[in-house]
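Going down the list, the sequences are from chains S, G, C and L. The opening residue of the first sequence carries number 23 in our numbering; numbering runs sequentially from there. The opening residue of the second sequence carries number 23 in our numbering; numbering runs sequentially from there. The opening residue of the third sequence carries number 23 in our numbering; numbering runs sequentially from there. The opening residue of the fourth sequence carries number 23 in our numbering; numbering runs sequentially from there.
Errors might be hidden in some of the hints.
For identical chains, the list gives no copy identity; a pair is met inside one copy or between any two copies.
[Unchecked claim] Below, in silico cross-link-like pairs of lysine-lysine (DSS-like), each with a Cα-Cα straight-line distance of 27 angstroms or less:
hint: 1; residue 1: 138; residue 2: 226
hint: 2; residue 1: 272; residue 2: 249
hint: 3; residue 1: 146; residue 2: 273
hint: 4; residue 1: 162; residue 2: 249
hint: 5; residue 1: 146; residue 2: 249
hint: 6; residue 1: 162; residue 2: 146
Simulated from the structure, these hints should not be mistaken for laboratory data.
4 protein chains.
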Amino acid sequence: MIRVGIYGGSGYTGLELMRILLRHPGVQVTGLTSRKFKGQPLSDTYPLFEGLTDIRFIDASPEELAGMADVIFMATPHGEAMAVAPAFVAAGKKVIDLSADFRLRDLDVFATWYHKHTAPELMKRAVYGLPELYREEVKKADLVANPGCYVTSAILALAPALRERVIDPSTIIVDSKSGVSGAGRDPVIGSLFCEVDEGFKAYKVNGHRHSPEIEQELSVLAGQEVKISFTPHLLPLNRGILSTVYASLKKTLSTAELIELYRNVYGNEPFVRVLNRGNYPNVSSVKGTNFCHIGLAVDERTNRVIILSAIDNLVKGASGQAVQNMNLMCGLREDTALDMIALFP
Amino acid sequence: MIRVGIYGGSGYTGLELMRILLRHPGVQVTGLTSRKFKGQPLSDTYPLFEGLTDIRFIDASPEELAGMADVIFMATPHGEAMAVAPAFVAAGKKVIDLSADFRLRDLDVFATWYHKHTAPELMKRAVYGLPELYREEVKKADLVANPGCYVTSAILALAPALRERVIDPSTIIVDSKSGVSGAGRDPVIGSLFCEVDEGFKAYKVNGHRHSPEIEQELSVLAGQEVKISFTPHLLPLNRGILSTVYASLKKTLSTAELIELYRNVYGNEPFVRVLNRGNYPNVSSVKGTNFCHIGLAVDERTNRVIILSAIDNLVKGASGQAVQNMNLMCGLREDTALDMIALFP
Amino acid sequence: MIRVGIYGGSGYTGLELMRILLRHPGVQVTGLTSRKFKGQPLSDTYPLFEGLTDIRFIDASPEELAGMADVIFMATPHGEAMAVAPAFVAAGKKVIDLSADFRLRDLDVFATWYHKHTAPELMKRAVYGLPELYREEVKKADLVANPGCYVTSAILALAPALRERVIDPSTIIVDSKSGVSGAGRDPVIGSLFCEVDEGFKAYKVNGHRHSPEIEQELSVLAGQEVKISFTPHLLPLNRGILSTVYASLKKTLSTAELIELYRNVYGNEPFVRVLNRGNYPNVSSVKGTNFCHIGLAVDERTNRVIILSAIDNLVKGASGQAVQNMNLMCGLREDTALDMIALFP
Amino acid sequence: MIRVGIYGGSGYTGLELMRILLRHPGVQVTGLTSRKFKGQPLSDTYPLFEGLTDIRFIDASPEELAGMADVIFMATPHGEAMAVAPAFVAAGKKVIDLSADFRLRDLDVFATWYHKHTAPELMKRAVYGLPELYREEVKKADLVANPGCYVTSAILALAPALRERVIDPSTIIVDSKSGVSGAGRDPVIGSLFCEVDEGFKAYKVNGHRHSPEIEQELSVLAGQEVKISFTPHLLPLNRGILSTVYASLKKTLSTAELIELYRNVYGNEPFVRVLNRGNYPNVSSVKGTNFCHIGLAVDERTNRVIILSAIDNLVKGASGQAVQNMNLMCGLREDTALDMIALFP
């Protein structure tokens, strides 16, 4: 039985890790930290756990938590993970960081969008935890940077087309829409029910921190530097990201051929589904699951492809993908505890 | 491996049966009928099943479906089940009916609220499938009438207090609120998004068909005829029923004593949770699960109890309870495939 | 042109006052205070005012605001109004308080539910601003205590039945459901979108501060002390309160007779509508308006009445009623600027 | 007093016309037709009108309705308006058609997307009723084709940039998101609450009927044939369209310069608001109003503009714009009865 510690577990990604790991046959959560809620049962904060677990939040140091666990998930805000990750790695633990602290390979880019990195050596060592791109590296990693939610949806949408050189990288537009849980559980006015319900807007136009992360990975896939337009929007719903991606074709391709190309790439992936022609993904079809649904269309009149991808931002966009990475790192079956079926309606 | 047939499986209760049974280790769904969608893959109607099952709707007669399955779930509208149930029972199948056709013991009452019953002999044979009240009878039954969703929430809220004679049965008021999935998937104006969203109303005041079903079971529990006031309301959300139940105390009782009384009754129940003092259930804490959460308070100023119960109308209020009954009828562990953790947020 | 000042105007009731008063032909808002947002245009906080008004929040003292206005609305949190009201009254202004500070006539009851009152003399002078009960008093008042939102819905539902002595006051149960805007705009976890959406629960069972206010007014109407059971619930929608009220009849009465009784009382009221038999109110039909819709049913089997009332908690439950009171106090037509038609869907 | 007839008034655009026209000081609705609801009071279908109007649906022929009214709104499904419009025009009435029947100038294009046109002569005579582009023509028209909702949002977003030749017309991408009321009130499965709530998806990718209408008007503005990529999405909310528009710049332009360009064009428009730099529109800020809010950004890294426009699909996208057109046609002040302030929250 693998012992798991969750560092900073009171937010929605911590909640989602608990939801998944309580049903994982190979692990036991032995430590769950929160300064704010220390001493309280998890089921006081999230009554859905009533009768399912007695676990309480503890206020443990990284060293203490390392002493209790073999695998560590860091579910802290950006900036905190790089402060504590060295302790976990030094103790020989397998570490999965759900924050942005180890996602960017370029320290200058990181400093531009966040602040000066305090663990630059560790950053080099971190593996970018998108199994569909880096499965083998993840298996050998001791520090995995779990991708951002928007990023996961954008890269899975674009990877096959970019790698096969069928689209022009300079024409990529990613129009993304996310549910409110992506903003976390901080009590801020912008996340209040009345501010969000019956509303819809773009935010951080031209300036979302996920842009450099998307561009980093798309550049690797394209073999050249890629700059995109990325616009995030806030949906009045709990869970889900839909990304609508546009790009110009470099050669003539039918929708059927494009679908075949994607199925060749993703055919064996446990969590990616390429939909039939004329079908387009709905975030409600992946709610609560680790799946990514992808729909494809070629607009022959404008010679553009339109790629639609849907994920659950808390699962494939965060905690589910983190467990997927843990499974790979620990030699378990990749989909262990991740066989959820979407809750609809 | 038990073979399961679902008769009339295109609605939300059929969908929910599939969601649960696909993860049930002891059964296989061998037949799923729908006249309307015959020939189509389930995943066309509900894209969440994409890549998870190849099952297609068939248009099989009861006799044909009986030939393919050991256990039959009937998820048809009221009135159809009694027409086809005789064929299933005659073929020696274990049958669970999710409609109202076999829930009422009194044929006259049934005729008043529905229409003349066409299988009166079978009605006498049917067991009322609320395991918390009739577990032993369900184990031996071949025809189980799965309770209504409102009814389940009301009876679980009231059973301990009525049986222990601490409340006056003539004072019971059940004020219930249900999510929209309780209305099914029929395309009617009243179920349209724009008619329901940002709205809230009572409906069928004094005239909901669940009233006689609630009264039937409460009368058994009270050992006397019980008449209640029952008001259903429509909530602008997908899943969940919250019932707020009021009754006058027959003797002095503190909230702590009331909670203890309920815990004595429900302590070993796998799916009922009695919350601590001061905690009251939220439908979002049981969403997607077979749990019933119950909160209790004594209002000493008015000498009334207030009992709050929350269930997911599609799970404990329909398909989850149906699987619970199947597990009991088939000698399986009662909670097999029912260990879901609520999806929140 | 009457000059209006709003003290503490950055919350939802302040917003709603501005929405109504900008279309009021007889008044001009000359001062709008907020310590937090001072100096900022109202349209920065609420972009819906873009291009409609240039007004900015100022951080004015009560004395300063009094110097700028003839009528003062106090839209501050409970406890603050009683600190500043004396200054407004001393300056000879007409004052309407939207908080609870002047609603309770009994200082001990106030102290029990809130804290020691610091302006007890003023409390005696305040008129309870429910025009349907106290129209003539409001016309002459210089300090009006605007009723609570739940209270307005409960009293309008019960007043005719209580006054005409057709129900037993000891049997009253008020089961109320409110939209989230009733909780205001404070950034607290419980009001976050993800905590509320797809959820429904009761809160403050047996302990909501509106209970004594409801009982105070019902006691006046009944001519005897009345104690009720009152349970508030939180609806996943922006605006609206529906109260479902139960009480036992003291004499035999048909639904038609009950409706007639209510229409006799409310027939000339500009904002109360008694629905036809079989119709029950929906909060979406009064959204954005100052109306109260009332539906009535007699349950002959249990000899109880069921009364349903719907209001918009921010309009008839707060700012609309406040403007209605201002109109009365200033000798204007009572419905000036209050002729909104509900926004549906 | 201008007499107004509404032909086909039981849907949401008919409802919205009634909501606006009941508060219009210069008109009276003298006829409201519906075959389905004939004889019933409007307030039975939409209880929000309780006590506000006694009008009932009638089943009048075009000739009969023409005899009762000076101005006719046609709020019928596509295909019906062209059958009845000739009668209204022949009777000398001013006619505003809210359907698509008279929006396309090219009969072949119309036939491709709809079916053969049965009133081709009238089509030539119709004026495209977007006042921001065709105000003077509308004033003189007797038949106005009220623009589509998506179209209005797209054209208002693009008109200044296209006319001033600052963007490359071949690079335009319109990613639009609409609330559910845009689908009307037909009881279809896809519009059910449970199918939409907590979901988000694109639909009619590459094939929405609004595409040719957008392209027609953009081509006029650009002075050359324009082909765009247009993707509509369905938002889980009642009202509102947000369009996110991308295009490549033909010359270097700062965001500030772009905003100035738009303000020069729209500065005197009563219903278009160009937001300050860094502000982006939210559909909740225009809910229930005839406003269009526009936000602008230049992405210097990719040399693209991002234009965001928000409208209420039932108001500026349908009935509000129709009343705006009526005001122009009748020589009334353009914003009469259209001074609504958004209902938020």
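Against the structure, the hints come out as follows:
1. For a Cα distance limit of 27 angstroms, the shortest separation of residue 138 from residue 226 inside one copy, 22 angstroms, qualifies, whereas the shortest one across copies, 46 angstroms, does not.
2. In this assembly of identical chains, residue 272 and residue 249 lie within 27 angstroms of each other by CA distance both inside one copy and across copies; the values are 17 angstroms within and 18 angstroms between.
3. For the identical chains of this complex, residue 146 and residue 273 are neighbours neither inside a copy (37 angstroms) nor across copies (40 angstroms), given an alpha-carbon limit of 27 angstroms.
4. In the homo-oligomer, the alpha carbons of residue 162 and residue 249 never lie at most 27 angstroms apart, since the shortest distance is 31 angstroms inside one protomer and 49 angstroms across protomers.
5. Proximity of residue 146 to residue 249 under the C-alpha cut-off of 27 angstroms is restricted to the intra-copy arrangement: shortest distance 23 angstroms within a copy versus 46 angstroms between copies.
6. For a Cα distance limit of 27 angstroms, the shortest separation of residue 162 from residue 146 inside one copy, 14 angstroms, qualifies, whereas the shortest one across copies, 64 angstroms, does not.
When the structure is compared with the earlier hints, violations turn up for hints 3, 4 and for no others.
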